[in-house]
Amino acid sequence: MRKLIDKFVFTICSLSTVLVLSILALIIIYIFANGVLAINLDFFTKLPKPVGEDGGGMVNAIVGSIIMVTLAALISIPISIGAAIYLSEFGKGFLATIVRFLVDVLAGVPSIVIGIFVYTIVVLPMKRFSAIAGALALAIIMIPTVVRATEEALRLVPQTLREAALALGAPYWRVVLEIVVLSARSSIISGVLLAIARIAGETAPLLFTALGNRFLVTVLDRPMASLPVQIYSYAVSPYDDWHRQAWAATFSLVIFILLINLSVRFFFRTKE
Amino acid sequence: MENLQEATKTDNLILAPRKKRWLMSPSADKAFHTLTKSLALFLFTLVIALVASMIYNSRLSLSRFGLSFVFSSTWDPVKELFGALPFVYGTLVSSITALIIAIPISLGVAIFLTEECPYKLRPIVLTLVELLAAIPSVAYGLWGIFVLVPFMRNYINPVLEKGLGFLPLFKGPSYGIGLLTSGMILAVMIVPIITAISVNSLNSVLPSQREAALALGATRWEATQIVLLNARSGIIGGIILGLGRALGETMAVTMVIGNRPEISLSLLAPSYTMASVIANEFTEATYDLYLHALIEIAILLFIITFIVQAFAQLLIRQISKGKKS
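Going line by line, the protein sequences match chains A and B. With the first letter of the first sequence counted as 1, position 8 gets the number 8 in this note's numbering; the numbers rise by one all the way through. With the first letter of the second sequence counted as 1, position 174 gets the number 174 in this note's numbering; the numbers rise by one all the way through.
Just to be clear, a hint being listed does not mean it is correct.
What the hints assert, rightly or not - Examples of chain A residues toward chain B, derived with CB under 10 Å:
(1) Leu19
(2) Val20
(3) Val113
(4) Val176
(5) Arg198
(6) Tyr232
(7) Leu253
Claimed, not checked - Calculated pairs, DSSO-like style, for lysine-lysine (alpha carbon to alpha carbon, straight line, at most 30 Å):
(8) Lys49/A - Lys127/A
(9) Lys92/A - Lys30/B
(10) Lys120/B - Lys3/A
(11) Lys127/A - Lys79/B
In case anyone wonders, no lab produced these hints; they're calculated from the structure. For clarity, every value in this text was computed on a predicted model and none was experimentally measured. The beta-carbon is built from N, C-alpha and C at its ideal position, and this holds for glycine as well.
So that you can see chain A by itself, here it is in the shape it has in the complex (with noise of 0.2 Å):
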C-alpha cells in the first residue's frame, strides 16, 4: 500500500511537469505558426493602412520599440549599477538596508502602477503623450532587476582580489571599477540582458506614457508606438488583418525575448 502510494505521488509529479511543458509548447507552437503565416516583409518595412484596409505594417511599432527600450536603458543601467556598487561595497548601514529593501518592494510594484506614476509626474506637467515619459517608465520597471543582479555578482567576487589590488597601491574606486566590476562583467550583463527583454515586452506602462502613434516619429516629445501596445490594440480590435498582424508583431516579440532568455542561459550560466 505504501508503495502503491509511492509510486502514485511520483506519476503525478511526473505528469504535472509533461502538462506544464506541453502548456509551453503550445503556446509556443502557436504563435510561432500563426507569425510564420502571418509575418512578410511589409509587417517590417511599412506603417499601417488607415482603418479596415488590409496591408501594412507596423514599422513606426518596430522603431518605436527600439529607441524607448535603449534610452530606458541608457538611464538605468548607470543608476542601477552605481546603487548596486553602492549596496555591495559600502553597504552595511542603515540606508543601505532600506534601499535593499525598496529595491525589493519596487519589483513587486506592478508595472502599471509604474505607468501611472510616470503618467503624474511627466505627462501631467508635459500635458502631453510622450516617447520619453514611455521610456523613464521602461527605465524604472528595469531599475530593480539590474540592482538584484549587480549586488550580486559583484558580492561573489573574493575578497582577497580587492585586498590584492588595495596592497597594490590602487585607490578604492579604482578597485571597484576596474577589479571587481570587470571580473563580475559577465553576471552583470546578463542580468543587464535579461532585464531588457522584459521591458521590451511591457505593455502596461506604456499605455498613458508613450500611449501610440500611427505614424513614424523619432521626436522624444511626442507619443509613440511599440510594439507591445501595438499588439494589444491590434487583438482586441475587430478586423482580421489587424489579427493576423498582431501575431506576426507577437512572433518577432517572443523570438527577440526567447533568443535574449536563451543565449544568457547557455553563454553566461555554463561558465560558472
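Start from chain A and add chain B according to the hints.
For chain B alone, coordinates are given in the frame of chain A:
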C-alpha cells in the same frame, strides 16, 4: 592574473602630472563613495516620490469618498460615483483561482525536478519552465483571446455547467471570458515563479534529512514529505510571490476577463480587476475626479502588492539565513 596586471598600471599614476594625482588621493575615493551613495539615495527618493505623487494626484477622490471608496460597489462614471469593490473582488478571486490551479502543479514539478528527474535533464527542464515567465503578458493575452477563450467556451465551461452547475460557483451562462479563464492564464504565468523558488528551497534542505528518513524505512514519498516540511517557509514565500505577480498582472487578464464591473459569485461570469480597469479607462477618463479615482485604485493595488511582497521577502530571507548558519 589579468586583473592583477590591470592593477599594477595604477603605479604609473603616482608619477603622473598633478591632474591625475588627484585621482589617487583619498578625496577621489570620497567622491566615489558620495556618488554611489547618492545613486542609492535616488532609489530611496524614487519610491517615496512614487507614493507621494500618487496620493497627491488622487486627492479629489480620496477626500470625496474616503474609506467608502473601498467598500462601495457602484462604479458609474456618468453619475460621478466611484467604488472599487468590484475590482478588488475580481482581482482577489482571479488571483486565488490562479493559486489553486498553480500550487499543486508547481509543487509537482518541483518535486519531480528535485527527486526524480535525471541529473542531466534538470537544468534543461528548469530552464524550459522558467521560459514561461519570459513570455510577455500581451502574448499570453493574444493566445488567451484566440485559443483559450474558445476552448473554454466550447469544452470546459459546458462540462462545468452541466456537472457542477447546481453550485453558484459554476452557474452559467458562460461566454468563455471571465474569472476562471483569467485564473487559468494567471496560473500559467505564476507556475514558473513558484516552481523556481520551491526547487531552490527543496535543494537547500540538508540531504541528511532525507537519508535519515529513508534509513528508517520510509518510502521515497514519505522522505519527500519530510523534505517538504523543512522547506515550507521558502515554498510559502514562493507562493506568495506568485500571488503578488498575479494580483498586479494587467494585460493578459484585461484581454480575457470580460471587463464588467459586477460582483458575481460564478467563476464563469465576466469580471474586472484593479489593474485592468486602470488599463482600460485611464485614457478615457474625461474629468479630474474620474482620473483621481483611477489613481486611487492604483494606490490600493500598490498597498496590496506591497504587503504581499514584504511578507514573501520575509519568508524567503528566512531560508537564505538558514542556509548560512
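Status of the hints after comparison with the structure:
At a threshold of 10 Å, the smallest CB-CB gap from leucine 19/A to chain B is about 7 Å, leaving the interface hint in force. Against a cut-off of 10 Å between C-beta atoms, the interface hint on valine 20/A holds, since the closest Cβ of chain B lies about 6 Å away. Hint on valine 113/A holds. Least Cβ distance to chain B is approximately 5 Å, under the 10 Å limit. The beta carbon of valine 176/A comes within 7 Å of a beta carbon in chain B, closer than 10 Å, and the hint placing it at the interface holds.
Hint status for arginine 198/A relative to chain B: holds, with the closest Cβ pair at about 8 Å, below 10 Å. A hinted interface residue such as tyrosine 232/A counts as satisfied when its beta carbon comes closer than 10 Å to some beta carbon of chain B; here the least separation is about 5 Å, so the hint holds. This hint holds: leucine 253/A has a C-beta 6 Å from the nearest C-beta of chain B, less than the 10 Å allowed. With a CA separation close to 28 Å, the supplied pair lysine 49/A and lysine 127/A stays within the 30 Å bound.
A hinted pair counts as satisfied when its Cα atoms are at most 30 Å apart, and lysine 92/A with lysine 30/B qualifies at roughly 16 Å. This hinted pair checks out: lysine 120/B and lysine 3/A have alpha carbons roughly 26 Å apart, not beyond 30 Å. For a cut-off of 30 Å, the pair hint linking lysine 127/A to lysine 79/B stands: about 26 Å separates their Cα positions.
Violated hints: none; the structure is consistent with every hint.
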